[in-house]
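Trainee: Dock chain B against chain A, hints included.
Number of protein chains: 2
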Amino acid sequence: MSEEKENIQFELTKELVEQVEQLIEANNDKELRKLLNEFHYADIAEILDELNLEEAMYVIKLLDSETTSEILMELDEDNREKVLKNLSAQEIAEEVEELDTDDAADIISELPEERQQDVINRIEDLEHKAEITELLTYDEDTAGGLMAKELVKVYETWTVAGCMRRIRGQAKEVTRVHSIYVVNKEEKLIGRLSLKDLIVAKSDQKISDLVKVNVDYVNVHDNAEDVAKVMAKYDLEAIPVVDDNQTLLGRITIDDIVDVLKEEAEKDYQLAAGITQDVEADDSILKLTKARLPWLLIGMVGGLGAASIIEYFNEAMGSFIVLLSFVPLIQATAGNVGVQSSAIVVQGLANDSVDGNIIKRLFKEFFLGIVNGCAIAIIALLITHFVFSTPYIVSITIGIALISVIIMAALIGTFIPIFLDKRGIDPAVATGPFITTSNDVFGILMYFLIAKLILGF
Amino acid sequence: MSEEKENIQFELTKELVEQVEQLIEANNDKELRKLLNEFHYADIAEILDELNLEEAMYVIKLLDSETTSEILMELDEDNREKVLKNLSAQEIAEEVEELDTDDAADIISELPEERQQDVINRIEDLEHKAEITELLTYDEDTAGGLMAKELVKVYETWTVAGCMRRIRGQAKEVTRVHSIYVVNKEEKLIGRLSLKDLIVAKSDQKISDLVKVNVDYVNVHDNAEDVAKVMAKYDLEAIPVVDDNQTLLGRITIDDIVDVLKEEAEKDYQLAAGITQDVEADDSILKLTKARLPWLLIGMVGGLGAASIIEYFNEAMGSFIVLLSFVPLIQATAGNVGVQSSAIVVQGLANDSVDGNIIKRLFKEFFLGIVNGCAIAIIALLITHFVFSTPYIVSITIGIALISVIIMAALIGTFIPIFLDKRGIDPAVATGPFITTSNDVFGILMYFLIAKLILGF
Numbered sequence: 001m002s003e004e005k006e007n008i009q010f011e012l013t014k015e016l017v018e019q020v021e022q023l024i025e026a027n028n029d030k031e032l033r034k035l036l037n038e039f040h041y042a043d044i045a046e047i048l049d050e051l052n053l054e055e056a057m058y059v060i061k062l063l064d065s066e067t068t069s070e071i072l073m074e075l076d077e078d079n080r081e082k083v084l085k086n087l088s089a090q091e092i093a094e095e096v097e098e099l100d101t102d103d104a105a106d107i108i109s110e111l112p113e114e115r116q117q118d119v120i121n122r123i124e125d126l127e128h129k130a131e132i133t134e135l136l137t138y139d140e141d142t143a144g145g146l147m148a149k150e151l152v153k154v155y156e157t158w159t160v161a162g163c164m165r166r167i168r169g170q171a172k173e174v175t176r177v178h179s180i181y182v183v184n185k186e187e188k189l190i191g192r193l194s195l196k197d198l199i200v201a202k203s204d205q206k207i208s209d210l211v212k213v214n215v216d217y218v219n220v221h222d223n224a225e226d227v228a229k230v231m232a233k234y235d236l237e238a239i240p241v242v243d244d245n246q247t248l249l250g251r252i253t254i255d256d257i258v259d260v261l262k263e264e265a266e267k268d269y270q271l272a273a274g275i276t277q278d279v280e281a282d283d284s285i286l287k288l289t290k291a292r293l294p295w296l297l298i299g300m301v302g303g304l305g306a307a308s309i310i311e312y313f314n315e316a317m318g319s320f321i322v323l324l325s326f327v328p329l330i331q332a333t334a335g336n337v338g339v340q341s342s343a344i345v346v347q348g349l350a351n352d353s354v355d356g357n358i359i360k361r362l363f364k365e366f367f368l369g370i371v372n373g374c375a376i377a378i379i380a381l382l383i384t385h386f387v388f389s390t391p392y393i394v395s396i397t398i399g400i401a402l403i404s405v406i407i408m409a410a411l412i413g414t415f416i417p418i419f420l421d422k423r424g425i426d427p428a429v430a431t432g433p434f435i436t437t438s439n440d441v442f443g444i445l446m447y448f449l450i451a452k453l454i455l456g457f
Numbered sequence: 001m002s003e004e005k006e007n008i009q010f011e012l013t014k015e016l017v018e019q020v021e022q023l024i025e026a027n028n029d030k031e032l033r034k035l036l037n038e039f040h041y042a043d044i045a046e047i048l049d050e051l052n053l054e055e056a057m058y059v060i061k062l063l064d065s066e067t068t069s070e071i072l073m074e075l076d077e078d079n080r081e082k083v084l085k086n087l088s089a090q091e092i093a094e095e096v097e098e099l100d101t102d103d104a105a106d107i108i109s110e111l112p113e114e115r116q117q118d119v120i121n122r123i124e125d126l127e128h129k130a131e132i133t134e135l136l137t138y139d140e141d142t143a144g145g146l147m148a149k150e151l152v153k154v155y156e157t158w159t160v161a162g163c164m165r166r167i168r169g170q171a172k173e174v175t176r177v178h179s180i181y182v183v184n185k186e187e188k189l190i191g192r193l194s195l196k197d198l199i200v201a202k203s204d205q206k207i208s209d210l211v212k213v214n215v216d217y218v219n220v221h222d223n224a225e226d227v228a229k230v231m232a233k234y235d236l237e238a239i240p241v242v243d244d245n246q247t248l249l250g251r252i253t254i255d256d257i258v259d260v261l262k263e264e265a266e267k268d269y270q271l272a273a274g275i276t277q278d279v280e281a282d283d284s285i286l287k288l289t290k291a292r293l294p295w296l297l298i299g300m301v302g303g304l305g306a307a308s309i310i311e312y313f314n315e316a317m318g319s320f321i322v323l324l325s326f327v328p329l330i331q332a333t334a335g336n337v338g339v340q341s342s343a344i345v346v347q348g349l350a351n352d353s354v355d356g357n358i359i360k361r362l363f364k365e366f367f368l369g370i371v372n373g374c375a376i377a378i379i380a381l382l383i384t385h386f387v388f389s390t391p392y393i394v395s396i397t398i399g400i401a402l403i404s405v406i407i408m409a410a411l412i413g414t415f416i417p418i419f420l421d422k423r424g425i426d427p428a429v430a431t432g433p434f435i436t437t438s439n440d441v442f443g444i445l446m447y448f449l450i451a452k453l454i455l456g457f
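Note that the protein sequences, when read in sequence, are chains A and B. Going by UniProt numbering, the letters in the first sequence line up with residues 1 to 457, in that order. Going by UniProt numbering, the letters in the second sequence line up with residues 1 to 457, in that order.
Bound conformation, chain A alone (with noise of 0.2 Å):
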């Protein structure tokens, strides 16, 4: 398996990234280009990314404007904002014009506003220029802000012959061909045609004789998010975008949409972990502290809460004063339980596979909780009787205060994303430590007045 995985992975070694500083200290730009000239521009990315800025800028200006451009795509964004900071604009401008018009605006739009314009008049190719700035009007995360201007595009009215001709032209410049799209004269979407279409066809066919017309269309303005759902969904590796008039702007690919599904997976990922979103293990202590400190504060609030709970309970409880000793029971066991309901919603929400009936599933999440707050019941009584010796009616309270407590915990992490997500609320913000805490506290309260109804302290 080891030697397979060579094949198909890269490696970064540090003898790798060493060998890359050493040839840059001894100024060998010859070794160095032909070393780095072995490796897939998304690798190149990843040794910058590992080598101080003075040293990458070195490779920057090293290696063409066609490879760096791509690397640039490629660095971590608090590097490339950082290397961007150290080209000048017409450098900016050079690295731009080679890229696709999509990667282009992005790389634009991350640059402080005052040098945006400056490096758009520096880009020389009028087209290119033109169409950047239309795609720096959108709103990145809408279908405008995915697309790329570069497309295939055909008349209804040419013939395959004359297809073929005029898109030998085009696909110079797509790097990959996915559909051909077909307008009319009005520049109005009318449906697609497959590279492979064109080639089984015969040459003198017409083109409206050939196109299928249903196609899939998003319009400029659709969510990011659900461009990616649909293009998942229905498996299109291209979708064309149109405006509200179904004229033809540009497309989204694939590649695109694996980024935003993995962002997304990764964001709510983050928020059930109880960290705000955007944060990577090498980011600095003050950013960290940032996107995790509002959860602490917010658990610790909970804490608090359940405190002054326990603190109005405590001089009522007298030889009852065991049951603190199970109160991190109660607390672990609602937070989990509110966890795992939560979570199974959110992601249920996020899957459109949950729909809004919320009192079925509440039912559903009702039985689920009795199910297993029985069996954590029957165990802790058990245990809690033989082991910590407590009184039977001791043991009875804690089961039944743990089965009540499960039934909560499940049904407060069922509702509240279902009704988060009914109010245009991302649901995913209620998983993690937010359902914790409220659990938490709602489990301990639940759990004392339990104990003072049976043990009528």
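Any given hint might turn out to be false.
Note that identical chains are pooled: a pair holds if it fits in a single copy or bridges any two copies.
[Stated by the list, open to error] Below are the BS3-like pairs computed for lysine-lysine, each with C-alpha atoms no more than 27 Å apart in a straight line: (1) Lys206 <-> Lys196; (2) Lys34 <-> Lys82; (3) Lys61 <-> Lys30; (4) Lys30 <-> Lys82.
If you're looking for bench data, these hints aren't it; they were derived computationally from the structure. Since we're looking at a predicted model, the values are computed, not measured.
Mentor: Relative to the frame of chain A, chain B by itself:
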């Protein structure tokens, strides 16, 4: 926005499901066929998932196998199993006949073993049959398990014109032509071409002059997740699969990879939420219990462990019984910090952005713990003293305990995933309840030890 959304998102309404049910009950085949033919097969699958088995079977028998085979692939796994049970071996063979080899092999592998051979024997197309039989020999988590046999292959000795002629034949069977793979006379992969290259080339050029030899490929035994990472990283839309002798066996397309990436993200998310993988909101209560109860039991063991720690210190505590009120605060904080730290590391490991330097990362978490710990401790100190009126010395104890617990939780949350990863165990199992529970117990132990030290009980 809502108007535009209709363009791209199929909406599964109660009315639509009811309409389908009514047409089935009325045996109105013509209207039903007309209604369903308006939808994409992925949408029809969503409708079928809402029907009962009898109704779903009615629809499957009604539509032609070209459509139903694709619908089958999109059904919920549980529902597909039920539908397949109700189809004869002959009927399944007819569905399989319509599918690409990778999907066909997936369907057959889901059948009970005794039915598999029966279905295979009934496949009429001998080439299709042989290819499916080959695919069934590979492990589903490998490149072989993902690949399809459908691809466009040319020999290096051919000319462009000859190539185009032969491709017309092959391409009819291949839904999407991403790349044309070039082999030598021993069938060994030597490079690739795009359809675009072919169209742009002159018709008397030799393939060996056009071929791009620097082609990415994977070995048939490579791990599926590794393949997914490579394709995502290098933005590949298809990758050829070879055996140990470099013989071209098949190709993997990006849509299969999108599914692998989604499943991977869901698995990690569920582990972090304390759910053993592979459940959905719509699964049965039994299945959901099986997925959720194990983690709850682990949480219970932790809670009982915490109880014995409290019992142990309880008697000695005397007048400092107020310390018990702040156990939930300590526990919640330890749990939250642990989940945050582990989630960041797990995600970093998944993205290959965290390397194995444990010491460096632990130092970082240590400082992060001090920063977060001091912030939380100071606030808690002020609130406990001024709101809860605890004596200064107790508030200070709580503050110091919080700092220590936060640092400890951060270190445990960072260390365990990296440790597991080094041992070849999926670090994602160390998120969620696992980390919460261990941090709960250690946190409470540390709290009382610090209290004992400061307050001297």
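Trainee: Are the hints correct? Go through all of them and say.
Mentor: Hints, one by one, checked against the model:
no.: 1; hint: Lys206 <-> Lys196; verdict: both (15 Å within a copy, 21 Å between copies)
no.: 2; hint: Lys34 <-> Lys82; verdict: within (26 Å within a copy, 59 Å between copies)
no.: 3; hint: Lys61 <-> Lys30; verdict: within (13 Å within a copy, 68 Å between copies)
no.: 4; hint: Lys30 <-> Lys82; verdict: within (26 Å within a copy, 64 Å between copies)
Violated hints are absent here; each numbered hint is respected by the structure.
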